[in-house]
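There are 2 protein chains.
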Amino acid sequence: MSLKEYNQLKEVFSKVSIASDVEGILHWDMSTMMPSNSRQNRANQLAFIANLKHSLLSDPSVTELISNIDSRQLSKNDLTNFKEMQREYVLLSSLPSDLVEAISKTSALCEGKWQEAKKNCDFSIVKNSLNELINLSRQESKILSEKLNCFPYEALIQKYEPYSNVDHITKVFKDLEIFLLSSIDKIIEKQKKESALPIEDEFSSFNQHKIAKILMETIGFDFTKGRLDKSEHPFCGGATEDVRITTRYSEKDPFSSLEGVMHETGHALYELGLPSEWQHQPVGRSRGMAMHESQSLLIEMQITRSLAFKKYLSKILKENLSLSGKEWSAENLYLLSTQVNKTYIRVEADEVTYPLHIIMRFNLEKKIINGDLSTNDIPEAWNTEYKKMFGKNIDKDTNGCLQDIHWYAGLIGYFPTYTLGALASAQFAETIRKEIPKLDQNIEDGNFKALITWLKRNIHQKGSFFTTNEILEQVTKSSLNAKYFKEYISNRYL
Amino acid sequence: MSLKEYNQLKEVFSKVSIASDVEGILHWDMSTMMPSNSRQNRANQLAFIANLKHSLLSDPSVTELISNIDSRQLSKNDLTNFKEMQREYVLLSSLPSDLVEAISKTSALCEGKWQEAKKNCDFSIVKNSLNELINLSRQESKILSEKLNCFPYEALIQKYEPYSNVDHITKVFKDLEIFLLSSIDKIIEKQKKESALPIEDEFSSFNQHKIAKILMETIGFDFTKGRLDKSEHPFCGGATEDVRITTRYSEKDPFSSLEGVMHETGHALYELGLPSEWQHQPVGRSRGMAMHESQSLLIEMQITRSLAFKKYLSKILKENLSLSGKEWSAENLYLLSTQVNKTYIRVEADEVTYPLHIIMRFNLEKKIINGDLSTNDIPEAWNTEYKKMFGKNIDKDTNGCLQDIHWYAGLIGYFPTYTLGALASAQFAETIRKEIPKLDQNIEDGNFKALITWLKRNIHQKGSFFTTNEILEQVTKSSLNAKYFKEYISNRYL
Numbered sequence: 001m002s003l004k005e006y007n008q009l010k011e012v013f014s015k016v017s018i019a020s021d022v023e024g025i026l027h028w029d030m031s032t033m034m035p036s037n038s039r040q041n042r043a044n045q046l047a048f049i050a051n052l053k054h055s056l057l058s059d060p061s062v063t064e065l066i067s068n069i070d071s072r073q074l075s076k077n078d079l080t081n082f083k084e085m086q087r088e089y090v091l092l093s094s095l096p097s098d099l100v101e102a103i104s105k106t107s108a109l110c111e112g113k114w115q116e117a118k119k120n121c122d123f124s125i126v127k128n129s130l131n132e133l134i135n136l137s138r139q140e141s142k143i144l145s146e147k148l149n150c151f152p153y154e155a156l157i158q159k160y161e162p163y164s165n166v167d168h169i170t171k172v173f174k175d176l177e178i179f180l181l182s183s184i185d186k187i188i189e190k191q192k193k194e195s196a197l198p199i200e201d202e203f204s205s206f207n208q209h210k211i212a213k214i215l216m217e218t219i220g221f222d223f224t225k226g227r228l229d230k231s232e233h234p235f236c237g238g239a240t241e242d243v244r245i246t247t248r249y250s251e252k253d254p255f256s257s258l259e260g261v262m263h264e265t266g267h268a269l270y271e272l273g274l275p276s277e278w279q280h281q282p283v284g285r286s287r288g289m290a291m292h293e294s295q296s297l298l299i300e301m302q303i304t305r306s307l308a309f310k311k312y313l314s315k316i317l318k319e320n321l322s323l324s325g326k327e328w329s330a331e332n333l334y335l336l337s338t339q340v341n342k343t344y345i346r347v348e349a350d351e352v353t354y355p356l357h358i359i360m361r362f363n364l365e366k367k368i369i370n371g372d373l374s375t376n377d378i379p380e381a382w383n384t385e386y387k388k389m390f391g392k393n394i395d396k397d398t399n400g401c402l403q404d405i406h407w408y409a410g411l412i413g414y415f416p417t418y419t420l421g422a423l424a425s426a427q428f429a430e431t432i433r434k435e436i437p438k439l440d441q442n443i444e445d446g447n448f449k450a451l452i453t454w455l456k457r458n459i460h461q462k463g464s465f466f467t468t469n470e471i472l473e474q475v476t477k478s479s480l481n482a483k484y485f486k487e488y489i490s491n492r493y494l
Numbered sequence: 001m002s003l004k005e006y007n008q009l010k011e012v013f014s015k016v017s018i019a020s021d022v023e024g025i026l027h028w029d030m031s032t033m034m035p036s037n038s039r040q041n042r043a044n045q046l047a048f049i050a051n052l053k054h055s056l057l058s059d060p061s062v063t064e065l066i067s068n069i070d071s072r073q074l075s076k077n078d079l080t081n082f083k084e085m086q087r088e089y090v091l092l093s094s095l096p097s098d099l100v101e102a103i104s105k106t107s108a109l110c111e112g113k114w115q116e117a118k119k120n121c122d123f124s125i126v127k128n129s130l131n132e133l134i135n136l137s138r139q140e141s142k143i144l145s146e147k148l149n150c151f152p153y154e155a156l157i158q159k160y161e162p163y164s165n166v167d168h169i170t171k172v173f174k175d176l177e178i179f180l181l182s183s184i185d186k187i188i189e190k191q192k193k194e195s196a197l198p199i200e201d202e203f204s205s206f207n208q209h210k211i212a213k214i215l216m217e218t219i220g221f222d223f224t225k226g227r228l229d230k231s232e233h234p235f236c237g238g239a240t241e242d243v244r245i246t247t248r249y250s251e252k253d254p255f256s257s258l259e260g261v262m263h264e265t266g267h268a269l270y271e272l273g274l275p276s277e278w279q280h281q282p283v284g285r286s287r288g289m290a291m292h293e294s295q296s297l298l299i300e301m302q303i304t305r306s307l308a309f310k311k312y313l314s315k316i317l318k319e320n321l322s323l324s325g326k327e328w329s330a331e332n333l334y335l336l337s338t339q340v341n342k343t344y345i346r347v348e349a350d351e352v353t354y355p356l357h358i359i360m361r362f363n364l365e366k367k368i369i370n371g372d373l374s375t376n377d378i379p380e381a382w383n384t385e386y387k388k389m390f391g392k393n394i395d396k397d398t399n400g401c402l403q404d405i406h407w408y409a410g411l412i413g414y415f416p417t418y419t420l421g422a423l424a425s426a427q428f429a430e431t432i433r434k435e436i437p438k439l440d441q442n443i444e445d446g447n448f449k450a451l452i453t454w455l456k457r458n459i460h461q462k463g464s465f466f467t468t469n470e471i472l473e474q475v476t477k478s479s480l481n482a483k484y485f486k487e488y489i490s491n492r493y494l
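From first to last, the protein sequence lines are chains G and Y. Going by the working numbering, the first residue of the first sequence is number 1, and it counts up by one from there. Going by the working numbering, the first residue of the second sequence is number 1, and it counts up by one from there.
These aren't lab readings, by the way, just hints derived from the structure by calculation. Note that the coordinates shown come from a computational prediction; the quantities given were computed from them, not determined experimentally. One thing to keep in mind: the hints can contain errors.
[Said to hold, decoys possible] Straight-line distance between alpha carbons at most 20 Å, and here's what the computed DMTMM-like set of lysine to aspartate or glutamate pairs gives: (1) K213(Y) - E259(Y); (2) K10(Y) - D98(G); (3) K15(G) - E217(Y); (4) K477(G) - E487(G); (5) K105(Y) - E23(G); (6) K15(Y) - D59(G); (7) K105(Y) - E11(G); (8) K10(Y) - D59(Y); (9) K10(Y) - E101(G); (10) K15(Y) - E101(G); (11) K252(G) - E189(G); (12) K230(Y) - E217(Y).
[Unchecked claim] What follows is a set of in silico ranges between Cβ atoms, one per label pair, in the way DEER data are often shown: (13) N447(G) - N320(Y): 45 to 51 Å; (14) S36(G) - K434(Y): 20 to 26 Å; (15) V90(G) - Q86(Y): 49 to 55 Å; (16) T218(Y) - E348(G): 37 to 43 Å.
Think of the CB as a built atom: it goes at the ideal place given N, C-alpha and C, for glycine as much as any other residue.
Using the sequences plus the hints, can you model the full thing?
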């Protein structure tokens with residue numbers, strides 16, 4: 001009877017996945033299309049779906065199905081799927097339904113308050129709402145940590161990157177922090193000697209959008225299964241076979257948008273490359289946000305910011321917008337794109353200083369969840385931590401704790417996955433360069449086929465059949481560590 | 001204990017309403033934003049939500065709650081709400097869940113096939129899919145007709161306009177048909193003597209959109225609770241306090257878009273004017289599609305196509321786009337906007353011939369549902385019926401049975417509500433002109449306050465507390481009939 005029960009369970013998980021797709025479209029809409037005064041009703045809708053997913057999995061029949069399945073009767077793939085089902089079951093069913101609903105509703109409302117607070121540069125506007133949300137996250141982390149038998153903060157990270165280990169992350173981050181703190185000033189000093197020519201031609205939003213679409217198409221994004229739009233905060237979202245990325249255009253800094261688009265395209269290619277025969281099942285999903293970020297950073301940092309790519313881009317800009325002249329040369333675009341600076345804003349940071357932005361957030365999050373940092377004290381703690389990392393004072397909260405949406409959307413535990421992904425992307429890239437020796441020539445020719453095929457076969461198609469570490473070991477013969485990233489930074493910048 | 005149970009029931013209906021809001025956003029997205037190859041997954045999402053609404057109401061606990069409520073303990077308003085709950089309960093819970101899911105899935109897929117069939121002008125592309133959908137509608141109509149104790153086709157109409165009576169509609173439509181068949185040629189003959197100057201200036205989509213937004217804002221559409229977008233087939237959709245209308249722009253015929261926008265704005269004002277204290281409850285919803293159409297047609301036909309409005313519009317066009325010259329005079333715009341023609345396409349028809357398009361669809365639908373017309377024979381039957389009404393042959397199915405989305409989206413029984421709405425709008429307009437004697441001057445001044453206040457107080461705010469006929473009787477002292485519409489057509493055109 002186990003197969004029948006397993007198939008029933010598959011039905012349940014398929015519904016949960018479809019509900020997540022609905023959530024994805026509602027979220028995308030909220031950030032790109034929704035009228036400003038519809039937020040309360042959208043919050044109701046999102047809470048309703050969150051609650052529904054919760055009740056689908058916390059139904060007693062699911063517990064019964066799970067305990068009745070004799071896993072010896074399952075094929076190898078089904079067994080892995082069953083294992084992932086149980087993980088998802090614990091994450092989604094352990095919280096009481098009123099807590100699930102409260103988190104969903106409070107995040108949607110807090111996100112609105114954050115937008116207002118950011119606009120007015122006034123943390124006090126969002127403070128109470130954030131405090132409420134943090135209290136809910138603390139409750140969540142406590143319940144999950146008991147079920148997953150780990151630290152409360154670790155439980156939150158595992159929501160985004162399964163099987164994470166907070167001690168391991170702390171160790172790897174410390175290693176990285178020491179390297180970066182000793183390298184950044186050297187890099188900045190070195191770059192002073194090779195100054196880039198500034199871009200002075202007009203490069204309108206309209207033209208940025210046009211070039212972004214050309215690049216997306218060339219690298220293999222399928223516009224019949226996805227979109228590109230504008231939003232305040234760039235993201236990759238949407239639903240199964242309907243992957244939607246967003247960007248924002250700055251006429252002053254056109255490349256931040258183009259490189260952002262390529263970053264989100266990396267996410268999108270992962271989503272569109274997942275094993276379609278396992279669509280809507282736990283093993284058919286992306287592995288986690290660290291793996292996701294490895295895919296976006298691989299495209300953004302290793303590919304788009306390489307000299308080879310700038311040769312290709314320079315040609316495209318000349319052909320489509322008649323942009324020529326020295327400042328549009330590949331060499332100058334490369335210099336512009338690899339400038340290292342101590343910025344206030346994480347999303348404007350280069351790849352060298354970026355991990356420090358993450359490590360400081362990681363340190364703060366740990367304290368917030370452990371109860372060592374109160375909501376009131378977040379602005380000050382942020383500024384202190386920033387000063388420690390970058391040696392600079394923060395002038396206003398929009399340059400500090402109001403810059404990122406994450407905490408205000410209820411996403412505590414998400415930040416570390418960015419840097420875990422950066423480390424993994426460097427690790428993957430080393431293997432790719434060995435296995436595709438002509439990679440640079442391909443990129444220069446605007447030919448991304450071999451690369452995308454490699455990523456699809458070695459990573460995307462694996463869905464959640466393996467952990468991130470298992471995939472890293474299969475592909476690079478080594479588990480996650482900072483060595484490859486440090487080498488990569490040294491090679492490119494020192 | 002009745003109050004407690006009534007409140008539990010309110011909770012259930014509130015969830016159904018929020019699920020409908022989610023459906024509304026997914027539908028809007030499908031018509032405006034969704035990538036072309038995401039249809040299968042969107043069909044899954046819509047089927048999932050449809051199924052969910054069904055299972056919320058068909059849960060045995062709901063039947064129990066309904067039967068346990070002692071209606072004598074409810075206040076007058078709550079009693080009406082309870083009555084509407086029961087009506088919705090019958091409509092939503094009577095169908096078996098596999099039928100509900102099949103209808104939802106098949107409609108989403110059939111809609112896609114229809115788009116393809118229309119593009120290729122080839123009915124055979126959509127035939128099988130439509131046939132499947134019609135069979136499902138027949139099953140639905142049979143089940144509902146038993147529960148509602150009415151004819152199968154009547155049961156389908158009641159989904160869109162509650163408390164409809166198919167014999168009454170047949171009688172009113174016959175009266176109207178006789179009047180129109182004897183008037184149309186006279187009107188066309190008369191109009192030959194007063195030819196309008198054609199518009200030859202360029203009036204781009206961009207400028208149409210600009211003017212549309214100005215008109216919408218002036219008439220009171222709240223853009224913080226709604227949007228205007230483009231779609232193949234104009235509609236008003238979205239969710240509670242998030243009302244989204246669409247249009248399509250034709251450079252050859254700019255006014256079809258502007259008047260279409262005003263039509264959808266009429267729908268939107270109704271939705272945004274509903275009693276907010278009853279949000280998400282059955283009595284808080286719009287009364288039905290005939291009432292809805294009366295609101296859109298009132299704005300489009302009685303207001304936007306009046307000479308007074310053309311005076312206002314002419315001024316706006318001059319101020320914003322510097323369009324002057326004789327062809328932009330109010331008088332000429334009025335002539336252009338009241339031209340009567342025998343068109344193939346319903347949505348391009350004028351208000352005089354429009355009801356004939358509806359009456360022929362009403363006749364066909366009746367036969368389709370009764371089993372007297374097979375899917376194969378629809379194109380021919382359409383052409384025969386059209387010839388009977390308009391005396392013209394149809395050259396191709398895109399000018400015939402492929403023109404409208406309705407049947408291909410599973411909306412059989414919807415068409416008659418358009419003409420019921422037209423009759424009601426003329427009936428309301430007669431009263432409005434009595435109660436707001438300065439109406440024409442107001443319109444000419446671009447001042448719509450008194451009108452919108454009147455509509456809100458007399459119609460919108462009544463939600464579903466009364467039937468359409470009750471509201472008509474309260475406001476116009478007369479039940480629904482064709483007299484006012486015939487008078488109005490005679491006055492304007494004869």
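How the hints compare with the structure:
1. K213(Y) - E259(Y): 12 Å, holds
2. K10(Y) - D98(G): 18 Å, holds
3. K15(G) - E217(Y): Violated, at about 41 Å.
4. K477(G) - E487(G): Holds, at roughly 17 Å.
5. K105(Y) - E23(G): 19 Å, holds
6. K15(Y) - D59(G): Status holds; Cα separation ~18 Å.
7. K105(Y) - E11(G): 17 Å, holds
8. K10(Y) - D59(Y): 14 Å, holds
9. K10(Y) - E101(G): 18 Å, holds
10. K15(Y) - E101(G): 13 Å, holds
11. K252(G) - E189(G): 25 Å, violated
12. K230(Y) - E217(Y): Measuring from Cα to Cα gives roughly 18 Å; hence the hint holds.
13. N447(G) - N320(Y): 45 to 51 Å: Check passed, 49 Å falls within 45 to 51 Å.
14. S36(G) - K434(Y): 20 to 26 Å: Violated - the Cβ-Cβ distance for S36(G) and K434(Y), about 39 Å, lies outside 20 to 26 Å.
15. V90(G) - Q86(Y): 49 to 55 Å: 41 Å, violated
16. T218(Y) - E348(G): 37 to 43 Å: At roughly 42 Å between Cβ atoms, E348(G) and T218(Y) fall inside 37 to 43 Å, so the hint holds.
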